[in-house]
Amino acid sequence: MTPHVPHVTGTVPLTAAHSGPHPPLDTTLTTPPAPKDRSMPSCTTPGTAPAHWLQTVVLLTTPAGRVALRATSERLEPFGTTVRDGESPQDAAARMLGGPARPGTAPGRMLALDWTAPGSQGAGGAEITYVYEGELSAARCADLETDTAVRLVDPRDLDDALPPAWSRRLLAALHARVEGTTTELADGRPCRPGVLDRHRVLAGRSAGTEGQWMPDYTWDGATGRVRGWIFGPDGRVMLLHDPATGRTDLPGGAGGDDPAMALGAVAATTAHVTLAPDREVVGHHVSGGEATASVAARLRIVGPLVPVPCAPLPVRLLATPEQALELAPHAALTRSEVEDVMHLAHSEFQLPVADRRPVTEVPATGGVL
Numbered sequence: 124m125t126p127h128v129p130h131v132t133g134t135v136p137l138t139a140a141h142s143g144p145h146p147p148l149d150t151t152l153t154t155p156p157a158p159k160d161r162s163m164p165s166c167t168t169p170g171t172a173p174a175h176w177l178q179t180v181v182l183l184t185t186p187a188g189r190v191a192l193r194a195t196s197e198r199l200e201p202f203g204t205t206v207r208d209g210e211s212p213q214d215a216a217a218r219m220l221g222g223p224a225r226p227g228t229a230p231g232r233m234l235a236l237d238w239t240a241p242g243s244q245g246a247g248g249a250e251i252t253y254v255y256e257g258e259l260s261a262a263r264c265a266d267l268e269t270d271t272a273v274r275l276v277d278p279r280d281l282d283d284a285l286p287p288a289w290s291r292r293l294l295a296a297l298h299a300r301v302e303g304t305t306t307e308l309a310d311g312r313p314c315r316p317g318v319l320d321r322h323r324v325l326a327g328r329s330a331g332t333e334g335q336w337m338p339d340y341t342w343d344g345a346t347g348r349v350r351g352w353i354f355g356p357d358g359r360v361m362l363l364h365d366p367a368t369g370r371t372d373l374p375g376g377a378g379g380d381d382p383a384m385a386l387g388a389v390a391a392t393t394a395h396v397t398l399a400p401d402r403e404v405v406g407h408h409v410s411g412g413e414a415t416a417s418v419a420a421r422l423r424i425v426g427p428l429v430p431v432p433c434a435p436l437p438v439r440l441l442a443t444p445e446q447a448l449e450l451a452p453h454a455a456l457t458r459s460e461v462e463d464v465m466h467l468a469h470s471e472f473q474l475p476v477a478d479r480r481p482v483t484e485v486p487a488t489g490g491v492l
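Throughout, this note's numbering is defined as the position within the sequence shown, counted from one, plus 123.
Hints listed in this document are in silico derivations from the structure and should not be mistaken for laboratory results. Cβ coordinates follow ideal geometry from the N, Cα and C atoms, glycine included. Please note that a few of the clues may not be correct.
Stated by the list, open to error - Computed beta-carbon distance windows for the label pairs:
#1 T488 with S410: 36 to 42 Å
#2 T304 with P486: 18 to 24 Å
#3 C314 with P486: 45 to 51 Å
#4 I424 with W238: 41 to 47 Å
#5 G242 with G347: 29 to 35 Å
#6 H469 with D283: 26 to 32 Å
#7 A309 with D381: 51 to 57 Å
#8 A309 with C264: 30 to 36 Å
#9 A434 with R480: 27 to 33 Å
#10 P186 with H469: 23 to 29 Å
Can you build the whole structure from these sequences, using the hints too?
So, in structure tokens, the structure goes:
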């Protein structure tokens with residue numbers, strides 16, 4: 124058993140909230156002492172092989188995407204517990220969140236299943252970890268900022284906050300959460316890594332700037348910047364991921380008197396794409412007396428990426444607008460902006476509403492979507 128497996132002691136007050144059928148409730152995250160017998164019998168002949176260790180973890184996240192970790196006197200740990208005899212992994216997760224009998228405290232769906240081979244972490248048996256989804260309500264996050272028993276950590280800081288196996292495990296679970304999938308892991312590494320796994324998207328996310336979304340707002344003057352909601356024919360939008368900084372963003376750049384025209388030039392130079400002529404200013408993000416125009420446009424042609432000396436090629440991603448909200452937090456996107464953009468794309472561009480799915484990468488060679 125790895126020394127960093129979360130053991131459970133004491134009681135930490137938290138609010139369990141998730142997007143499932145139950146409404147958010149103020150509950151107590153109960154962390155009872157771990158039982159002595161934590162083993163799940165192996166499938167080999169009884170008495171001839173070491174037991175497998177079974178544990179469950181709930182990936183608790185804030186609305187801003189930060190991860191809640193339990194702070195001990197020695198280190199930070201995920202919120203988890205070992206599975207008791209006769210329990211299912213989901214029962215154990217529910218027990219940790221306050222008990223399965225309380226309405227609204229059930230964990231969300233399973234995000235990841237991790238197998239750590241026997242002996243790889245110094246234990247005699249294999250280590251099996253179930254990771255479930257969980258969310259903290261916005262009302263509870265402010266209290267947790269001053270709670271010394273809980274630390275809210277950006278995904279980009281997981282490598283510094285946790286041992287390598289745990290940071291890999293939680294980052295892979297975050298990717299599965301964004302894509303609406305369940306991932307199979309071996310020692311924290313995805314067995315079938317996707318685009319987000321390969322490029323470690325979310326590991327470089329940064330805090331968003333404050334401001335206000337103003338739909339259908341005409342800015343009195345030139346806009347300082349423009350950003351593009353560039354739609355493909357399936358209703359997904361293009362994102363640019365910078366491997367050097369780990370930052371993922373909507374294509375954007377300098378604005379001007381005509382944001383729609385400016386986006387065409389910005390898209391050609393940053394994403395190497397050609398846009399359809401029909402473009403619509405959806406609104407402005409206003410912060411500190413400056414405005415960033417959000418422009419919706421349709422993708423016409425994807426050109427090849429052009430290498431730049433001493434800089435890695437950007438990674439062009441296709442994601443749903445709601446996934447863009449999760450993958451580009453520093454862009455200060457809001458759910459209202461996403462809803463406005465999706466409505467315009469459906470009503471004006473006659474594009475379908477894209478269902479949540481794995482994020483894909485546009486080939487560097489380009490082509491027609």
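Now for the hints, and whether the structure bears them out:
no., hint, result
1, T488 with S410: 36 to 42 Å, "holds, 37 Å"
2, T304 with P486: 18 to 24 Å, "holds, 22 Å"
3, C314 with P486: 45 to 51 Å, "violated, 24 Å"
4, I424 with W238: 41 to 47 Å, "holds, 44 Å"
5, G242 with G347: 29 to 35 Å, "violated, 57 Å"
6, H469 with D283: 26 to 32 Å, "violated, 42 Å"
7, A309 with D381: 51 to 57 Å, "holds, 52 Å"
8, A309 with C264: 30 to 36 Å, "holds, 33 Å"
9, A434 with R480: 27 to 33 Å, "holds, 30 Å"
10, P186 with H469: 23 to 29 Å, "holds, 25 Å"
Checked against the numbered hints above, the structure violates hints 3, 5, 6; every other hint is satisfied.
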